[in-house]
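Trainee: So the chains spell out like this:
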Amino acid sequence: MTKRLYHGAAYYPELWDEEVIEQDIKLMKEAGINVVRMGEFAWSSIEKEEGHIDVSFFVEIINRLYHHGIETIFCTPTATPPIWLSYQHPERMYVDNEGRVMGHGSRQHVCTNNPYFREKASIITDQLATQLGNLDGVIGWQIDNEFKCHVGECMCNTCKTLWHQWLEHRYQTIEQLNNAWGTHIWSQYYHSFEQIPQPGATPFLHNSSLQTMYQLFSYEKIAEFSDEQASIIRKHSTAPITHNGGTFFHVNNERLYESLDFASFDTYADYKNYSAYLFNCDLWRNFKSSRNYWVMETSTSYSASLESYAIPHPNDYLKAEAVASYALGGEGFCYWLWRQQRTGCEQPHGSVISAWGKPTIGFENVKKVEKARKEIEDSIITTTPMQAEIAITYSDNARAFMKTEPHQNLNYRNLIIDFYKNILQLGYHRDLIPEGATLKGYKVLFTPFIPYLSDEYLAKAEAFAKNGGIWIVGPLTGGRTEHHTIHTNAALGKLDELAGVETLYSYPFDGTGSVGEFKGVKAPLSLWSSLFHPIDAKVMGTLTEGISIGMAFITERNIGNGKIVMLGSFPTGDEGELLLKTIINHYANEQGVTVKAQVTEGTIIVPRQGNGYLLWVIVNMDGKGGKVQLPYNGTNVLTEKTVEKGEHFINGYDYQIVKFGQD
Amino acid sequence: MTKRLYHGAAYYPELWDEEVIEQDIKLMKEAGINVVRMGEFAWSSIEKEEGHIDVSFFVEIINRLYHHGIETIFCTPTATPPIWLSYQHPERMYVDNEGRVMGHGSRQHVCTNNPYFREKASIITDQLATQLGNLDGVIGWQIDNEFKCHVGECMCNTCKTLWHQWLEHRYQTIEQLNNAWGTHIWSQYYHSFEQIPQPGATPFLHNSSLQTMYQLFSYEKIAEFSDEQASIIRKHSTAPITHNGGTFFHVNNERLYESLDFASFDTYADYKNYSAYLFNCDLWRNFKSSRNYWVMETSTSYSASLESYAIPHPNDYLKAEAVASYALGGEGFCYWLWRQQRTGCEQPHGSVISAWGKPTIGFENVKKVEKARKEIEDSIITTTPMQAEIAITYSDNARAFMKTEPHQNLNYRNLIIDFYKNILQLGYHRDLIPEGATLKGYKVLFTPFIPYLSDEYLAKAEAFAKNGGIWIVGPLTGGRTEHHTIHTNAALGKLDELAGVETLYSYPFDGTGSVGEFKGVKAPLSLWSSLFHPIDAKVMGTLTEGISIGMAFITERNIGNGKIVMLGSFPTGDEGELLLKTIINHYANEQGVTVKAQVTEGTIIVPRQGNGYLLWVIVNMDGKGGKVQLPYNGTNVLTEKTVEKGEHFINGYDYQIVKFGQD
Amino acid sequence: MTKRLYHGAAYYPELWDEEVIEQDIKLMKEAGINVVRMGEFAWSSIEKEEGHIDVSFFVEIINRLYHHGIETIFCTPTATPPIWLSYQHPERMYVDNEGRVMGHGSRQHVCTNNPYFREKASIITDQLATQLGNLDGVIGWQIDNEFKCHVGECMCNTCKTLWHQWLEHRYQTIEQLNNAWGTHIWSQYYHSFEQIPQPGATPFLHNSSLQTMYQLFSYEKIAEFSDEQASIIRKHSTAPITHNGGTFFHVNNERLYESLDFASFDTYADYKNYSAYLFNCDLWRNFKSSRNYWVMETSTSYSASLESYAIPHPNDYLKAEAVASYALGGEGFCYWLWRQQRTGCEQPHGSVISAWGKPTIGFENVKKVEKARKEIEDSIITTTPMQAEIAITYSDNARAFMKTEPHQNLNYRNLIIDFYKNILQLGYHRDLIPEGATLKGYKVLFTPFIPYLSDEYLAKAEAFAKNGGIWIVGPLTGGRTEHHTIHTNAALGKLDELAGVETLYSYPFDGTGSVGEFKGVKAPLSLWSSLFHPIDAKVMGTLTEGISIGMAFITERNIGNGKIVMLGSFPTGDEGELLLKTIINHYANEQGVTVKAQVTEGTIIVPRQGNGYLLWVIVNMDGKGGKVQLPYNGTNVLTEKTVEKGEHFINGYDYQIVKFGQD
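Residue numbers (the UniProt record's numbering), protein chains in the order written: chain R, 1 to 663; chain H, 1 to 663; chain D, 1 to 663.
Just so you know, the hints here were simulated from the structure itself, not pulled from any lab data.
Check each hint, because a few of them may be wrong.
[What the hints assert, rightly or not] Quick list of in silico lysine-lysine cross-link-like pairs, DSBU-like style, CA-CA up to 35 Å:
1) D:K160 to R:K48
2) H:K519 to D:K221
3) D:K624 to H:K522
4) R:K367 to D:K494
5) R:K48 to D:K221
[To be verified] What the simulated footprint calls covered on chain R by chain D, stretch by stretch (three residues with Cβ under 8 Å from a Cβ of chain D suffice, anywhere in the stretch; the number is not a length):
6) 8-16
7) 86-99
8) 105-119
9) 283-295
10) 337-345
[Unchecked claim] Taking beta-carbon pairs under 7 Å as the criterion, some of the chain H residues facing chain R (in silico):
11) E14
12) L15
13) G105
14) V151
15) G152
16) L306
17) R342
18) W356
Ideal Cβ positions, reconstructed from N, Cα and C, are used throughout, including at glycine.
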């Protein structure tokens with residue numbers, strides 16, 4: 001349980017003089033900032049000359065801030081290696097898939113697998129941990145910054161060697177790799193691991209196995225760097241460690257957080273896209289269930305760089321974001337950045353304070369966040385988010401598979417957010433959970449858009465169903481093996497048997513005019529789809545138009561005390577949304593899902609469990625206000641007035657906390 | 001005359017185990033497959049280690065298939081050189097025009113002009129021809145696979161040297177090249193052939209002569225490789241040789257087929273674009289008139305790769321395609337591919353059988369093809385396609401010129417198909433003929449979109465007109481010399497004189513509001529256009545709007561017993577189509593063209609000549625059904641019932657054969 | 001004052017034989033060509049073998065043309081170095097920002113900073129100046145041709161060294177650079193000038209200072225090359241020197257013309273975009289106020305290359321262009337090109353004469369220009385354009401800043417032309433002036449879209465206001481320092497104080513629904529905007545909608561006898577245009593601006609001052625005709641008839657000259 005709610009900002013005191021720092025601290029207190037994040041780009045300030053590490057500046061700042069009630073999350077500064085590491089060392093630099101060797105002057109320019117970089121990174125992190133790790137002000141660590149946000153898989157020679165080693169470790173012998181990848185196709189056949197190329201320029205596409213494995217290799221290597229850094233810190237500091245991830249970056253977040261202590265994310269979603277914001281909260285809460293997550297970066301109003309800018313938030317939206325995150329399990333809500341950059345390439349980015357030390361358009365909204373934080377802090381720290389009954393599996397591995405095989409420019413992130421939105425809009429409390437997460441406590445599990453399902457996952461999901469859960473599988477799930485090849489025993493491999501079906505045809509529905517029906521609701525179907533012949537299953541949805549009329553696209557199989565439901569296609573358009581919602585409600589009702597609220601779209605309810613009571617945190621996210629059906633009489637915690645069961649209103653971007661007692 | 005109709009599929013037994021092969025043969029017989037194509041990507045299977053060639057696997061497979069009534073077209077496997085040829089040999093690899101050296105793992109990655117590759121290719125082809133060339137099952141050969149489908153002109157150093165030699169051969173002295181290319185422009189002037197660059201990176205465009213000549217050089221070199229391979233096969237085998245070409249690939253199909261025995265093509269046109277499919281049939285029939293052509297690859301339902309997929313065919317469309325092709329002179333109709341790929345990058349591609357050995361969405365349609373094939377086989381093999389009276393010249397050289405000079409993103413292939421469509425829709429039987437083809441037997445010749453007309457072509461077309469033909473020239477025809485420069489004697493060189501005109505202005509009509517009129521039909525005119533002053537010609541079409549009102553864009557000159565008609569502009573939009581059709585009908589009528597049918601759009605008639613009778617193969621291609629005016633009473637060959645002269649109906653994607661006797 | 005009006009064409013006699021040249025001269029006389037421009041691409045003709053310079057061909061041509069009344073502007077031929085300079089010398093070639101080394105065969109392929117190139121360029125220019133500089137026919141020189149039209153900043157190693165020197169010269173010490181650029185950000189910090197990269201490949205954006213400085217460095221270097229060439233010419237010739245610039249090219253035109261004698265530009269604006277054409281006239285007139293400018297290149301009908309073409313001009317539009325330019329201060333009006341290219345890559349480009357020696361579609365229009373030139377010549381050469389009362393500052397430095405920081409794909413050129421159009425359409429006579437120009441004589445000064453205002457400019461503009469001018473600043477002006485960083489004392493640096501405001505918020509209005517009001521006119525506001533708190537200023541415009549309702553976006557401060565007006569945002573759409581025009585009229589009226597005409601959109605009035613009288617040159621530019629209010633009775637100079645005060649009509653693309661006497 002959280003002890004306090006943090007309200008913070010990224011801070012770069014190394015870029016400013018003493019006078020400015022004085023002013024900053026004064027303004028932070030006015031704005032209600034109680035934590036800063038520092039250091040992630042400061043390598044050249046700390047180690048200006050190679051080998052001369054001096055952290056005294058940050059020791060002083062951390063202590064000074066702490067004295068003013070502002071705590072610190074300190075970062076390892078490895079996202080921006082200094083010029084002495086990069087100058088005249090092209091072999092240390094990141095190489096993109098066009099073979100371009102990166103130069104100095106931006107960030108993530110050095111290959112994180114380069115041994116010289118790793119040595120230097122270890123040394124500076126060791127020094128930072130030693131000298132800062134036990135300061136009172138330091139409440140946490142961040143490893144590096146947004147791993148792989150600007151770069152993908154590196155194609156340098158160091159990576160080539162590691163790739164060969166990684167493959168050898170995975171496949172043991174070259175023959176096993178050749179078999180797994182089916183390299184007799186197109187005479188790709190390799191005689192040794194050394195011969196296997198990185199996925200650079202070719203006249204047409206690379207083998208899917210090679211493409212996906214290179215991504216998984218890259219996922220693993222960046223996580224190993226993170227592991228290494230974390231273990232160095234732990235030698236000297238007990239403060240918990242995080243990394244600020246995101247669903248855009250080329251990492252496997254689940255794997256990354258394995259060796260970290262808490263999860264945090266950066267988000268710059270447009271205010272109209274508040275579902276994506278909530279998606280992050282519901283996902284990051286579940287990467288490390290042992291500790292509350294942080295919103296490590298978000299803009300006070302708009303993100304921007306030299307080359308573009310986002311739409312500024314409407315007034316009060318920031319407050320709604322903060323309250324929603326705190327309610328959904330966020331311990332910290334932090335801005336990027338405190339003071340507008342004077343130089344570099346992100347000067348236009350929104351901030352709390354301008355480069356000339358005055359409030360920005362975001363400042364008043366930051367103060368509203370602080371007001372809200374104070375109002376809700378007690379309610380939040382004395383309760384915890386309720387266990388959701390509906391889970392959706394999120395997989396960065398699936399993202400890699402879909403990057404290799406994007407069908408028609410598909411993007412895993414957009415697909416799963418679209419899917420998630422339906423559950424959100426229906427008012428269900430929900431968890432987005434990583435592949436390895438426990439399924440305990442859930443009543444319904446959704447597994448959409450995951451091309452490869454591991455044996456472990458299948459076993460877990462089967463057990464979940466046998467124990468009374470309903471597992472809804474698809475669309476686009478299960479059709480690929482671990483090597484990103486096609487199953488040869490059945491269209492969906494073991495899943496066919498588990499689901500009690502034979503998957504017959506599997507083909508793209510786009511352009512075929514396919515329409516599907518479930519419980520009397522019809523909708524156009526889209527994307528690559530599967531049609532099922534029930535073996536030990538019941539047909540629940542069939543095609544009424546298209547080139548396979550009458551065939552099943554939804555089936556269910558009773559298994560143990562639960563069910564496995566196959567969803568073979570993706571309903572599309574407004575009717576498709578209705579059809580998806582019909583499916584969701586149908587199975588949620590069947591399972592007696594109760595952790596849900598009847599609420600208008602644009603408003604969310606976060607149910608939190610107190611000691612013998614229930615809290616509903618109600619937040620309007622779309623600025624239009626909304627209404628919710630209160631299931632019981634309760635108390636408005638903020639006004640201390642009674643609120644009655646039944647229809648209840650909330651204003652645009654407003655929040656309320658209702659307590660339902662002893663219940 | 002064809003002896004039988006082939007129904008086939010591309011087959012990759014080297015990728016599967018014995019059990020699967022057994023299953024395949026059983027299913028092939030069920031589906032009616034009587035021929036397979038094998039080997040084009042099997043180099044690493046046949047010569048796993050350099051120098052150790054073992055074809056026993058394929059000997060066994062060919063014999064086994066033959067035993068089951070399935071014959072074989074075997075391919076040289078040179079499209080995918082093995083890793084021992086490519087590893088650590090960047091100098092052997094294809095280099096694109098950005099200077100990127102291709103890596104292993106896809107196909108067409110090695111430069112086909114590399115001498116080491118050529119040596120190894122010769123050896124393996126010699127071995128294949130020796131060991132397979134006289135097997136009973138082998139009825140034909142395919143050289144390589146889709147030459148230059150993924151790559152264009154190679155920029156490697158081998159090619160640079162060959163380019164200089166090719167130029168020296170073409171131009172003899174550097175001064176002649178300098179004069180021909182006009183290299184004093186922009187101080188391009190070269191002192192020796194060695195100095196002439198490949199068309200790589202420059203701040204602005206390369207000289208048109210250089211760009212076009214590099215394409216023609218590349219055309220010639222790939223054809224020489226094909227010649228070389230064919231001559232090796234012929235030493236050991238009498239089976240006829242083909243290559244599976246296409247109008248997208250960077251080859252000169254006419255030149256390529258010179259040293260081959262029969263023509264074949266691959267097509268994956270969308271079902272809505274059936275005109276492009278028929279275009280291919282009408283063109284490939286004429287690349288080798290001595291033998292029937294093959295559809296060597298088409299999908300059973302949809303093409304796809306990791307990165308995209310096409311729309312699946314409606315049911316029954318495949319049957320319409322097959323019948324249309326057999327009727328138009330196709331001997332074989334083959335799928336790519338038999339069994340869905342398990343690995344690689346084309347797993348999603350449609351097939352006959354899935355990777356797990358079950359029917360795909362295409363399977364039932366394949367069976368319908370087989371049913372149709374059996375029904376029509378007798379009628380087809382006892383007749384031949386009638387000689388068309390209308391010919392349209394097709395030129396891959398023109399495609400090269402237009403790639404160098406695309407005006408506003410023009411694409412030769414799209415332009416000529418658009419033009420062709422008008423003739424098709426009017427119900428005329430027609431031939432698309434290569435530049436070198438004889439004009440004997442034709443009454444009307446169209447020559448649109450060919451920037452450079454050779455002296456041979458001009459002489460042939462002039463003779464054609466003098467002998468009573470009508471030659472309709474343009475639009476976009478004749479304005480460039482053989483060196484891709486501008487004529488200096490007249491806008492269209494010798495053509496001006498031949499056509500009895502002085503071509504006055506030549507400029508782009510787009511955006512000028514130009515409207516032209518011919519025989520009372522008016523339409524907007526587009527593209528780069530020419531306006532004519534009649535010297536010894538009659539004005540047939542004039543501009544009624546634009547910046548050159550009153551000037552002629554259509555003229556005709558009587559010459560001998562025929563005419564030369566100049567068409568100076570391209571009518572556009574629906575009115576443009578009407579205007580073009582008016583022109584076509586006008587001159588076809590004038591010539592008494594009779595090999596034509598009155599038929600609704602979407603349905604085609606293929607007239608075939610029997611011994612003393614005429615067959616009409618009627619096929620509906622658009623799924624909407626159609627009607628046709630039968631000119632005489634006849635017999636429905638399939639039902640053996642009489643059909644009466646006059647309006648006659650056909651259902652969607654259906655086919656009928658009507659016999660008109662003794663006539 | 002101009003002595004005569006020139007009517008010319010670019011001429012390439014080196015590409016043609018004697019017979020063609022004879023024909024050309026005859027046709028030039030028919031077309032009224034009295035000047036040709038020659039030589040800019042002729043290096044290989046003059047110095048075919050390295051070191052063997054022979055200019056006799058051009059001496060003969062110049063003399064022959066002069067004998068026929070045709071004068072010459074001769075060019076240094078450095079835009080296209082010969083093969084002997086480029087072959088096997090990659091180190092001399094231009095390198096783009098992808099690292100691609102340019103090859104021979106196009107133009108601008110050699111780095112103009114390469115010392116060997118510079119040596120050879122000096123030698124040939126010296127020889128040309130010596131041998132041609134005193135020929136009677138030579139009336140002027142052009143340095144090179146369209147500097148940097150196809151290339152941007154070069155990334156070669158020569159440039160890298162010069163870049164380091166340039167930086168050292170600018171910043172003196174590396175610490176001053178580090179401070180100015182704020183390189184502690186992202187650990188960019190440099191220990192020596194040698195370490196500073198060129199702006200090549202990086203994972204994300206380069207530092208804005210580095211990006212902008214590299215552009216300014218490139219601006220300076222190309223200007224130095226021009227200076228050097230000009231000084232060589234001046235040793236041997238007194239003929240005035242120009243360069244044909246443009247607002248698309250990567251040069252600082254103001255800096256470039258410093259050491260040249262007259263300004264000239266090339267334009268190929270579409271006829272619908274006649275405002276861009278007039279923009280050029282109003283701008284180039286002011287680059288060298290000491291001499292009249294030239295239109296050095298324009299098409300007779302349409303520009304084109306192998307890859308695209310423009311829309312041909314309507315008939316008579318060319319005449320309107322020519323008259324407008326002569327009236328606005330143009331001495332020469334020249335075509336590119338005389339005779340259509342036979343070879344190269346610009347064969348399709350419009351010309352006066354075709355490659356086969358016949359009139360093109362442009363020819364009749366050229367003759368109309370000549371007719372007009374003769375008609376107006378006396379009126380023009382006895383008068384001068386009136387001093388405008390409204391000035392708009394144009395800055396190629398601003399263009400560089402905006403290339404570094406394009407916000408949402410902003411383009412300086414488009415923005416300023418959009419702004420200019422409003423002033424044009426209101427009928428004001430106006431000057432576009434470079435940053436360094438005097439402000440003497442103006443009543444209203446606009447400074448939109450200039451991110452960085454120099455101290456010199458600020459001082460000059462302040463003095464202008466104090467002396468009674470109204471200085472209207474913004475939008476997007478003043479927010480960046482000379483190093484392309486953010487001010488730290490105030491949002492707009494010194495400008496805040498000068499304008500009597502505190503600039504509060506500064507953020508992008510796009511998407512926020514912001515609406516502004518000025519004098520009762522409301523319009524949506526767009527782009528990055530500033531909001532002002534008046535300190536010593538009056539609020540003139542406020543936000544009525546958006547997220548900062550009630551705040552000021554227009555203020556004015558009285559200063560001395562004038563005013564400084566801040567315009568913090570860009571009104572957009574039709575309402576935005578109305579709002580901008582309201583602002584322009586408001587302040588023009590306040591200043592008593594009288595050099596203006598009441599004229600319908602599409603028609604322009606050019607007021608010219610004679611000795612004791614005023615001329616109005618009226619030109620219709622949109623082909624629709626128009627009307628103008630004559631302020632007095634006058635005389636139509638061309639018809640010698642009286643015209644009465646009041647409403648007066650002009651036909652499409654027509655021109656008239658009205659004289660208002662003794663007034």
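Trainee: All hints, please: hold or fail.
Mentor: Status of each hint after checking the structure:
Pair hint K160 of chain D plus K48 of chain R holds up; C-alpha atoms about 24 Å apart against a cutoff of 35 Å. Distance restraint check for K519 of chain H and K221 of chain D: the Cα-Cα separation of roughly 63 Å exceeds the 35 Å cut-off, and the hinted pair is therefore not satisfied. Distance check on the hinted pair: K624 of chain D and K522 of chain H sit about 26 Å apart at the alpha-carbon level, within 35 Å; holds. At most 35 Å may separate the alpha-carbon atoms for a hinted pair to count; K367 of chain R and K494 of chain D meet this at roughly 30 Å.
For the given pair, K48 of chain R sits about 33 Å from K221 of chain D by alpha-carbon distance, which is consistent with the 35 Å threshold. Coverage of the segment 8-16 of chain R by chain D holds. Counting CB-CB distances below 8 Å, 3 residues qualify, and the rule asks for three or more. Counting residues of the segment 86-99 of chain R whose beta carbon lies closer than 8 Å to any beta carbon of chain D gives 3, which meets the minimum of three for the stated coverage. Proximity of the segment 105-119 of chain R to chain D, defined as three or more residues with a beta carbon under 8 Å from a beta carbon of that chain, is established by the 5 residues found.
Residues of the segment 283-295 of chain R lying with their CB closer than 8 Å to a CB of chain D number 0, which falls below the three-residue condition for coverage. Counting residues of the segment 337-345 of chain R whose CB lies closer than 8 Å to any CB of chain D gives 6, so the stated coverage by that chain holds, three being the minimum. Given the 7 Å rule on beta carbons, the hint for E14 of chain H holds: about 6 Å separates it from the nearest Cβ of chain R. The criterion of a C-beta within 7 Å of any C-beta in chain R is met by L15 of chain H, whose closest approach is roughly 5 Å, and the hint holds.
The restraint placing G105 of chain H at the interface with chain R holds, with a minimum CB-CB distance near 5 Å, inside the 7 Å limit. For V151 of chain H, the shortest C-beta to C-beta distance to chain R is roughly 5 Å, which falls under 7 Å, so the interface hint holds. Because the smallest distance between the Cβ of G152 of chain H and any Cβ of chain R comes to about 10 Å, over 7 Å, the interface hint for this residue is violated. With a cut of 7 Å, the hint placing L306 of chain H at the interface with chain R holds, because the nearest CB-to-CB distance is about 4 Å.
With a cut of 7 Å, the hint placing R342 of chain H at the interface with chain R holds, because the nearest CB-to-CB distance is about 5 Å. A cut of 7 Å between beta carbons decides the hint on W356 of chain H: the least distance to chain R is about 5 Å, and the hint holds.
The structure is inconsistent with the numbered hints 2, 9 and 15, although it conforms to all the rest.
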